[in-house]
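J.: Chain residues, written in single-letter form:
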Amino acid sequence: KAGVTQTPRYLIKTRGQQVTLSCSPISGHRSVSWYQQTPGQGLQFLFEYFSETQRNKGNFPGRFSGRQFSNSRSEMNVSTLELGDSALYLCASSLTGVNTEAFFGQGTRLTVV
Amino acid sequence: DQQVKQNSPSLSVQEGRISILNCDYTNSMFDYFLWYKKYPAEGPTFLISISSIKDKNEDGRFTVFLNKSAKHLSLHIVPSQPGDSAVYFCAAINAGGTSYGKLTFGQGTILTVHP
Chain D
1 KAGVTQTPRY
11 LIKTRGQQVT
21 LSCSPISGHR
31 SVSWYQQTPG
41 QGLQFLFEYF
51 SETQRNKGNF
61 PGRFSGRQFS
71 NSRSEMNVST
81 LELGDSALYL
91 CASSLTGVNT
101 EAFFGQGTRL
111 TVV
Chain C
114 DQQVKQNSPS
124 LSVQEGRISI
134 LNCDYTNSMF
144 DYFLWYKKYP
154 AEGPTFLISI
164 SSIKDKNEDG
174 RFTVFLNKSA
184 KHLSLHIVPS
194 QPGDSAVYFC
204 AAINAGGTSY
214 GKLTFGQGTI
224 LTVHP
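Going down the list, the protein sequences come from chains D and C. All letters in the first sequence, in the order written, are residues 1 to 113 by the numbering used here. All letters in the second sequence, in the order written, are residues 114 to 228 by the numbering used here.
The set of hints was computed from the structure by calculation and includes no laboratory data. All values derive from a computational prediction rather than experimental measurement. Any given hint might turn out to be false.
What the hints assert, rightly or not - Straight-line alpha carbon distances no greater than 20 Å define the calculated SDA-like cross-link-like pairs of lysine to any residue that follow:
#1 C/Lys150 / D/Gly3
#2 C/Lys150 / D/Lys57
#3 D/Lys57 / C/Gly210
#4 C/Lys151 / D/Gly42
#5 C/Lys151 / D/Glu101
#6 C/Lys151 / D/Thr38
Unchecked claim - Listed next, the stretches of chain C that the computed footprint assigns to chain D, with coverage defined by at least 3 CB atoms under 8 Å from CB atoms of chain D:
#7 143–157
#8 215–223
All C-beta atoms in this analysis are idealised placements derived from N, C-alpha and C, irrespective of residue type, glycine included.
Work out the full structure: start from the sequences and follow the hints.
T.: As structure tokens, then:
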């Protein structure tokens, strides 16, 4: 059974640009969550989607947005990039997004210059 | 406000011995807990979980203990192997509420197992 797939693995963008990251969950999983990992803040929750609906959102500015498609694949978009957005972005999939195990992808390393 | 805390930034253990990683939480609404292992530049790998209705869960070399009254959980690895060297994260979720998909993570503990 294939795991969680995130693309691309690495990205370098310039301040002010926008970026879209993609996540394909484990087959049958309907919940996809996104996290940002930085050395200073650790793993921070961005948002969660289930059946194409955002059910939960963390404390991030509106520049961070996402969506989920009918096949459960999800995308995350960051607009007007800032240097502080440089981080490892992780996607996690689970069956329900509640009391079940969440499985993470390899992450996308975003560097903003 | 750090709701999940791993107070030991690092732990060093000899191969074959027991590794004990600790985690404390402050939010009494958390009712499902997970441990993850992470290598640099990779996503966390799920290890083991425990529901708040249990006080122990075992899976091979890994055992998680939960003390609800103390709001404390621990991960025991027996016997420890050099391949276990990684960063270990404790995570919690309010499964009974509306915290859909939101795992709250501790800061992590770097485990080094020496041959």
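J.: Could you check the structure against the hints above and give me the numbers of any it violates, in ascending order?
T.: The structure breaks only hint 2.
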